[in-house]
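Chains as they are written, first to last, in our numbering: chain A, 1 to 255; chain B, 1 to 255; chain C, 1 to 269; chain D, 1 to 269.
To be clear, the hints were calculated from the coordinates, so they are not data collected in a lab.
Output of the computed footprint for chain C on chain D, the stretches with three or more beta carbons under 8 Å from beta carbons of chain C:
(1) 128-142
(2) 146-155
(3) 200-214
All C-beta atoms in this analysis are idealised placements derived from N, C-alpha and C, irrespective of residue type, glycine included.
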Amino acid sequence: MNGYTAEEMMAVAAARKLRDGAACFVGIGLPSRAANLARATHAPGCVLIYESGTIGAKPLNLPLSIGDGELAETADTVVSVPEIFSYWLQGGRIDVGFLGAAQIDRYANLNSTVIGDYDHPRVRLPGGGGAPEIAASCKETLVILRQSRRTFVETLDFRTSVGFGEGPGSRERLGLTGGGVSAVITDLGELAPDPESCELTLTRIHPGVTAEQVVEATGWPLRVAAGLVTSTPPGERELEALRSLRTVEEREPAG
Amino acid sequence: MNGYTAEEMMAVAAARKLRDGAACFVGIGLPSRAANLARATHAPGCVLIYESGTIGAKPLNLPLSIGDGELAETADTVVSVPEIFSYWLQGGRIDVGFLGAAQIDRYANLNSTVIGDYDHPRVRLPGGGGAPEIAASCKETLVILRQSRRTFVETLDFRTSVGFGEGPGSRERLGLTGGGVSAVITDLGELAPDPESCELTLTRIHPGVTAEQVVEATGWPLRVAAGLVTSTPPGERELEALRSLRTVEEREPAG
Amino acid sequence: MAEIVSLEEAVAELVSDGDAVALEGFTHLIPHAAGHELIRQGRRDLTLIRLTPDVVYDQLIGTGCAAKLVFSWGGNPGVGSLHRLREAVEHGWPVPLELEEHSHAGMAAAYAAGAANLPFAVLRGYAGTDLPAHTQAAWIECPFTGERLAAVRALRPDVGIIHAQRADRDGNVQLWGISGVQKEAVLAAARSLVTVEEVVDELEPVPGAVILPTWVVSAVAVAAGGAHPSYVHGYYERDNAFYRRWDGISRDRDAFADWIREHVLEAAG
Amino acid sequence: MAEIVSLEEAVAELVSDGDAVALEGFTHLIPHAAGHELIRQGRRDLTLIRLTPDVVYDQLIGTGCAAKLVFSWGGNPGVGSLHRLREAVEHGWPVPLELEEHSHAGMAAAYAAGAANLPFAVLRGYAGTDLPAHTQAAWIECPFTGERLAAVRALRPDVGIIHAQRADRDGNVQLWGISGVQKEAVLAAARSLVTVEEVVDELEPVPGAVILPTWVVSAVAVAAGGAHPSYVHGYYERDNAFYRRWDGISRDRDAFADWIREHVLEAAG
Numbered sequence: 001m002n003g004y005t006a007e008e009m010m011a012v013a014a015a016r017k018l019r020d021g022a023a024c025f026v027g028i029g030l031p032s033r034a035a036n037l038a039r040a041t042h043a044p045g046c047v048l049i050y051e052s053g054t055i056g057a058k059p060l061n062l063p064l065s066i067g068d069g070e071l072a073e074t075a076d077t078v079v080s081v082p083e084i085f086s087y088w089l090q091g092g093r094i095d096v097g098f099l100g101a102a103q104i105d106r107y108a109n110l111n112s113t114v115i116g117d118y119d120h121p122r123v124r125l126p127g128g129g130g131a132p133e134i135a136a137s138c139k140e141t142l143v144i145l146r147q148s149r150r151t152f153v154e155t156l157d158f159r160t161s162v163g164f165g166e167g168p169g170s171r172e173r174l175g176l177t178g179g180g181v182s183a184v185i186t187d188l189g190e191l192a193p194d195p196e197s198c199e200l201t202l203t204r205i206h207p208g209v210t211a212e213q214v215v216e217a218t219g220w221p222l223r224v225a226a227g228l229v230t231s232t233p234p235g236e237r238e239l240e241a242l243r244s245l246r247t248v249e250e251r252e253p254a255g
Numbered sequence: 001m002n003g004y005t006a007e008e009m010m011a012v013a014a015a016r017k018l019r020d021g022a023a024c025f026v027g028i029g030l031p032s033r034a035a036n037l038a039r040a041t042h043a044p045g046c047v048l049i050y051e052s053g054t055i056g057a058k059p060l061n062l063p064l065s066i067g068d069g070e071l072a073e074t075a076d077t078v079v080s081v082p083e084i085f086s087y088w089l090q091g092g093r094i095d096v097g098f099l100g101a102a103q104i105d106r107y108a109n110l111n112s113t114v115i116g117d118y119d120h121p122r123v124r125l126p127g128g129g130g131a132p133e134i135a136a137s138c139k140e141t142l143v144i145l146r147q148s149r150r151t152f153v154e155t156l157d158f159r160t161s162v163g164f165g166e167g168p169g170s171r172e173r174l175g176l177t178g179g180g181v182s183a184v185i186t187d188l189g190e191l192a193p194d195p196e197s198c199e200l201t202l203t204r205i206h207p208g209v210t211a212e213q214v215v216e217a218t219g220w221p222l223r224v225a226a227g228l229v230t231s232t233p234p235g236e237r238e239l240e241a242l243r244s245l246r247t248v249e250e251r252e253p254a255g
Numbered sequence: 001m002a003e004i005v006s007l008e009e010a011v012a013e014l015v016s017d018g019d020a021v022a023l024e025g026f027t028h029l030i031p032h033a034a035g036h037e038l039i040r041q042g043r044r045d046l047t048l049i050r051l052t053p054d055v056v057y058d059q060l061i062g063t064g065c066a067a068k069l070v071f072s073w074g075g076n077p078g079v080g081s082l083h084r085l086r087e088a089v090e091h092g093w094p095v096p097l098e099l100e101e102h103s104h105a106g107m108a109a110a111y112a113a114g115a116a117n118l119p120f121a122v123l124r125g126y127a128g129t130d131l132p133a134h135t136q137a138a139w140i141e142c143p144f145t146g147e148r149l150a151a152v153r154a155l156r157p158d159v160g161i162i163h164a165q166r167a168d169r170d171g172n173v174q175l176w177g178i179s180g181v182q183k184e185a186v187l188a189a190a191r192s193l194v195t196v197e198e199v200v201d202e203l204e205p206v207p208g209a210v211i212l213p214t215w216v217v218s219a220v221a222v223a224a225g226g227a228h229p230s231y232v233h234g235y236y237e238r239d240n241a242f243y244r245r246w247d248g249i250s251r252d253r254d255a256f257a258d259w260i261r262e263h264v265l266e267a268a269g
Numbered sequence: 001m002a003e004i005v006s007l008e009e010a011v012a013e014l015v016s017d018g019d020a021v022a023l024e025g026f027t028h029l030i031p032h033a034a035g036h037e038l039i040r041q042g043r044r045d046l047t048l049i050r051l052t053p054d055v056v057y058d059q060l061i062g063t064g065c066a067a068k069l070v071f072s073w074g075g076n077p078g079v080g081s082l083h084r085l086r087e088a089v090e091h092g093w094p095v096p097l098e099l100e101e102h103s104h105a106g107m108a109a110a111y112a113a114g115a116a117n118l119p120f121a122v123l124r125g126y127a128g129t130d131l132p133a134h135t136q137a138a139w140i141e142c143p144f145t146g147e148r149l150a151a152v153r154a155l156r157p158d159v160g161i162i163h164a165q166r167a168d169r170d171g172n173v174q175l176w177g178i179s180g181v182q183k184e185a186v187l188a189a190a191r192s193l194v195t196v197e198e199v200v201d202e203l204e205p206v207p208g209a210v211i212l213p214t215w216v217v218s219a220v221a222v223a224a225g226g227a228h229p230s231y232v233h234g235y236y237e238r239d240n241a242f243y244r245r246w247d248g249i250s251r252d253r254d255a256f257a258d259w260i261r262e263h264v265l266e267a268a269g
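One chain only, chain A, in its complex shape (with noise of 0.2 Å):
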């Protein structure tokens, strides 16, 4: 078969980055359900490393948190909290940051921390947990969220994690070791950085939509590469993997 949904050719998208063998430091929810797909077709060997401590997991079952007790029984090695964020990323051993936002703007700094005013906020999110030094030591950050004028906006209401900053030189000025966001993966299309500007610009759009649709859901007048390239289709490999990845809830419904 091959119906399939924008979220599926999200996460499949999302998947498709990760390389075989890469270090990847994983945020819950969307980027845990990316990375572990990827484990699950094309990239087996990838070491998957939550902010939990727990180093090189193999998970059966897709966590619900980032410190699920079968991420620590599937691990190679369980690290202290400290350890993890000061050896380990900070050390500058991991290949993948995977992060998720509430927010992004045009140089892919992201904000999980509160949408309105910070002392009166409209909504609080949970806030940065590990984000912001995720997206500053690894040595390419990977955002997935979904598209919209919502999420994709002219001025973010709080800057927790620093994609680009302000543009050429931000990083550097900001003594940020890692690369940076090397791809903004969405459920309409994939955005990168331009390499001059740093701006992200629609790279890719998925089967069966249209720039002029990104553009629309995006906050700031969004640049469209030159060799647009459309997605491949999700496979029935890929889409299968991504189907029979279940939270233990979602095998075992509990009381």
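Since the structure of chain A is already known, use the hints to place chains B, C and D on it.
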């Protein structure tokens, strides 16, 4: 029987200083012998901590090095060397530091680095190891060494560890969190810092030793406390316990 | 030497109104029983410290125990928002809640500095973000390279509270699985309480176990099931259904109040 | 991914003349076999880094491999002096040896900073001692309390070399017992070599074990007995008699040269 050597008197006098239940950071050699004697006699609950990261070691044999396997096997827990110095010693958790030295001055500053000039040494000693921070951070520090004009000097060739620096107020000015040296136990007697001047003063002599002898064996004009007392000779139980302390070697001489 | 006492005694003895209290346990071994005892004893004006305030902090905040929250991620893992936390922040109900907000990396480093008796920690972090305005951070220059790095003030809670698998009769504590920042939370604190599933004669060595010797712990209290709805590696699983149910319970002030009355106030300690 | 290669290949591949090399192992798991391979391959002008230079460094220094020693305690544990080290320092034989001298606490913190990719570490140390003149230390002020603390430059060796009990066929390393600063020495280094007693199919979990995943290790080489005369927890005991014998061997240049010829140069890799 009641014959005993000055060495034995020194070890027994040092052991008596350790109260039961104290957490004691132990240097190898004389300190380790005295601390293990204390454990074998009046202080079975004394927690021995070695800089190899072994916490609560209960060796049956006297360790030859601060990292003998038996220390790890009998310890409550073994932590890394960075952790033992940061979370445990610097953390301010250690009641008593137990050190030896090659030289000591009137303010109980210690030299375990070099005899002669640093760059053209007469004798190059092993160096500080854990001593500088043991002397800095333990609630109190005990020093054990044989007394002579070579070891009790007017001026140290090198200051490896701080007792009371230049005298009153020095430790505070240097920001040292521990209490400093509380007693110096030798083969002739015991010295303690004067509460006002911080200068080491003879407070005890071992049986058969005269104050004059101790003054004679000291490289600075040694002050003698008013209420000079004489150490109680080693008891049978103390001597038995001391003499039954053996290294693996002494038990079963290796080939 | 840790005394082995009842949870009620331990909390009464160790925690006073206005204290800075850290209940730690990173998604695992979360000290819910201790949190409920704090609610039963009606503690007020607490500064609550925790990397990941979740259901137990939602309960403490919703019952008005807290004046300030020091945290780095506040949510119901795998479910969504903490509605009591949000209502305190968004509407000041039942009492206003001051926030001190970190990243995990910054807060973990701050605990580690506290455990090491250092006044601050250094990390590569916060640069370029809006967090420094809401946390205890400063900039510091490397005396060797001239690099600019973030400094965070050490965390030194009045009380550190964690849950562990077990302790022996002398009060030596053993925990394993994901160990988070529990060691640091205990060693950085002036006083500490460890609730355990059980007290045993011998602590059999376990791979990956963290040991806290009795002489660095103030009190040990038995609280079987004391981490529920979180899990205890080797003892019981995470009650994922409860975390989902909590979303509904915590959305409504009355439903929340009823739940607290029934499951905390009227429940045995 | 660590390659599993011969010790000879690994050393030839990873260590060049002039490199800063850290052979770590705190009284336990001391990588003697790797040290001997460095001697056989005639490495020169090495900066040798190690908290506790003992017999293996006495051998490297006595054979003229080292131009500089970075250390915090240099002796023959339980026996006395290192005579080759002393002769290099006291008489510049066979070549002069520059010293950079730390305390254990300072050096351990410097390794930890290196592993964490920080340019320096902060500690309460060195104040009032004569060490700062001979080490890489500076003073730094706490931005929150104004306290003056010591800063030590991070250690970032070119190569970190350790010995471990075992590795699996993928090159994941497992060591247990006293673990010293081995994890930090590997993580702080640009390249790393782990010699192991054996390669196994499965790394059975062991209490207190440290795991170094294959992807943070450059090479693994089998060297059974490779820590002798030090010991390997669970494999063999410390050869205390050898440490005592070394005192005599190392006192005399010719006896030392003979021993090196017989036991290192003419010995199989």
